[in-house]
Amino acid sequence: MTTAPGPLEQLIRQRIEAAYAPTVLEIENESHKHRHHAPMQGVTSTETHFKIKVVSSQFAGQRLLQRQRSIYSLFKHEMAMDGGIHAMALVTRTPEEEQK
Amino acid sequence: MFRQILQNGTLRTAVQRPLAQRLGATLPQSFLGARFITDRAKSIIEEAVKDNDLIVFMKGTPDEPMCGFSRAVVQILQMHGVDELVGVDCLQDPEIREGIKEYTDWPTIPQVYVKGEFIGGCDVMVQMHQSGELHELLIKEGILKADPDAKREE
Chain A
1 MTTAPGPLEQ LIRQRIEAAY APTVLEIENE SHKHRHHAPM QGVTSTETHF
51 KIKVVSSQFA GQRLLQRQRS IYSLFKHEMA MDGGIHAMAL VTRTPEEEQK
Chain B
1 MFRQILQNGT LRTAVQRPLA QRLGATLPQS FLGARFITDR AKSIIEEAVK
51 DNDLIVFMKG TPDEPMCGFS RAVVQILQMH GVDELVGVDC LQDPEIREGI
101 KEYTDWPTIP QVYVKGEFIG GCDVMVQMHQ SGELHELLIK EGILKADPDA
151 KREE
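Protein sequences, first through last, are from chains A and B.
With this note's numbering applied, the first sequence covers 1 to 100.
With this note's numbering applied, the second sequence covers 1 to 154.
Derived by calculation from the structure, the hints in this document are not laboratory data.
It is possible that some hints are incorrect.
[Stated by the list, open to error] The calculated lysine to aspartate or glutamate pairs, modelled on DMTMM-like cross-linking and capped at a C-alpha distance of 25 angstroms, are: (1) Lys-33(A) with Asp-89(B); (2) Lys-51(A) with Glu-98(B); (3) Lys-51(A) with Asp-105(B); (4) Lys-100(A) with Glu-133(B); (5) Lys-100(A) with Glu-78(A); (6) Lys-76(A) with Asp-105(B); (7) Lys-76(A) with Glu-95(B); (8) Lys-33(A) with Asp-63(B); (9) Lys-53(A) with Glu-84(B); (10) Lys-53(A) with Glu-78(A); (11) Lys-115(B) with Asp-89(B); (12) Lys-76(A) with Glu-30(A); (13) Lys-100(A) with Glu-136(B); (14) Lys-76(A) with Asp-93(B); (15) Lys-51(A) with Glu-133(B); (16) Lys-51(A) with Glu-98(A); (17) Lys-76(A) with Asp-39(B); (18) Lys-140(B) with Glu-84(B); (19) Lys-76(A) with Glu-98(B).
Okay, chain B solo, but in the shape it has when bound (with noise of 0.2 angstroms):
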């Protein structure tokens, strides 16, 4: 039923909650206070997700980010030189702009996603850029082909 990529543990709340996914599509979403993903929403996160080695949940597309911490994203990834990345504009359709906080379960946007795995929001970026984890973390993953002449001062 799950594909792979659910089998890492950053998502199992999504794994563990059938019922709340059931339920989705009838209950409002306010019911109890809880919100429920919707069967569309987490289909397309999932399809997303799936065909995309890299992609960004975001505010605004990469070309055209609408809010800081997204932007802040964009530019760590193209500064390592992702060239073509993946958005998800989460500012055109409600169903995944809260969806995917409970997929992910995590509370902002944006969200990045590699090989299918959540990797953080804007400030592991940042930290991880920091620290020289994203640019390990791209080439072992294959997004960046590792290049011979660039030595890392690291």
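Bound conformation, chain A alone (with noise of 0.2 angstroms):
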């Protein structure tokens, strides 16, 4: 899907940019993917489910589970509200590990 970002998707970037100073920020919103599942009944948001690639020297020396516990810790209240953010797909890689 190619339509432009929506309002979570900026604050996304936003937030990652800042926290992170990222060398790579992919997010895609794959929200229309899981439109049809169980789960997503009645909720008519389409910023539900976002697929986040950062890179990050920040992350050197963090293990897999830290990283993405801090990456979250970002978004608590997005996560946490009805209609919010259903659910992030996470890759998150230093420079180096990235190279390999």
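Can you join these two chains into the complex? Each is in its own frame, and there are hints to help.
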């Protein structure tokens, strides 16, 4: 889907850029793929599922779980509220890992 | 008060919130925008995690996952030879569905626990699978028997 980024997607971009100064930041809105799933019934938001790739040197020395927790904590509110972000598929790498 | 399963750092947030837990039964969930795990949900989760060396909090059941992320986790574990996978269907119980997020301090489902420790959600499982860490973990924790025939090409 190549529609313009919605407000949540823009927010995700802003916060991740501010927090991690990433060298790569790719955000894909995959919400349309999950529209028909049982847990999505009654949800009208078009911004529920995102695939996000962040490459940042700040992840160095952190385990995967820590990296993901750190990103989730940026969006605690958006992930907890009704009609907010339902899931983020996260790829978190350091620039060194990315080059492998 | 807290069992052994809570000794590791990943669950510390649950320990740090005794007030929230005490109030959980009487306050509306939306109080100040926070969600408080109910005593009932907490005890069900604690027991489930304690009684099962490997357990997946998921949407749907291992036989019939209701979400692609849950399905992926089940398939990965089955691929590694886990035959009897215990799943908790969070869609059947709104308290568990919200409670597990607070209990683990992890905002999404599925969630995998091994020997009382939170291992990760779908992305972590996929990446641990790819790196070989998952196999190592399952052997080390005795979920899988180390079979001498299988020379892993890792």
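Hint check results:
1. Lys-33(A) with Asp-89(B): 22 angstroms, holds
2. Lys-51(A) with Glu-98(B): 22 angstroms, holds
3. Lys-51(A) with Asp-105(B): 21 angstroms, holds
4. Lys-100(A) with Glu-133(B): Holds. Lys-100(A) to Glu-133(B) sits at ~18 angstroms (cutoff 25 angstroms).
5. Lys-100(A) with Glu-78(A): 33 angstroms, violated
6. Lys-76(A) with Asp-105(B): Status holds; Cα separation ~10 angstroms.
7. Lys-76(A) with Glu-95(B): 18 angstroms, holds
8. Lys-33(A) with Asp-63(B): 22 angstroms, holds
9. Lys-53(A) with Glu-84(B): Answer violated: Lys-53(A) to Glu-84(B) is near 33 angstroms, above 25 angstroms.
10. Lys-53(A) with Glu-78(A): Measuring from Cα to Cα gives roughly 18 angstroms; hence the hint holds.
11. Lys-115(B) with Asp-89(B): 19 angstroms, holds
12. Lys-76(A) with Glu-30(A): 20 angstroms, holds
13. Lys-100(A) with Glu-136(B): The hint holds at about 22 angstroms.
14. Lys-76(A) with Asp-93(B): 22 angstroms, holds
15. Lys-51(A) with Glu-133(B): Answer holds: Lys-51(A) to Glu-133(B) is near 23 angstroms, not above 25 angstroms.
16. Lys-51(A) with Glu-98(A): 17 angstroms, holds
17. Lys-76(A) with Asp-39(B): 22 angstroms, holds
18. Lys-140(B) with Glu-84(B): 18 angstroms, holds
19. Lys-76(A) with Glu-98(B): Given pair Lys-76(A), Glu-98(B) holds - Cα atoms ~13 angstroms apart, limit 25 angstroms.
Violated hints for the displayed structure, listed by number in ascending order: 5, 9.
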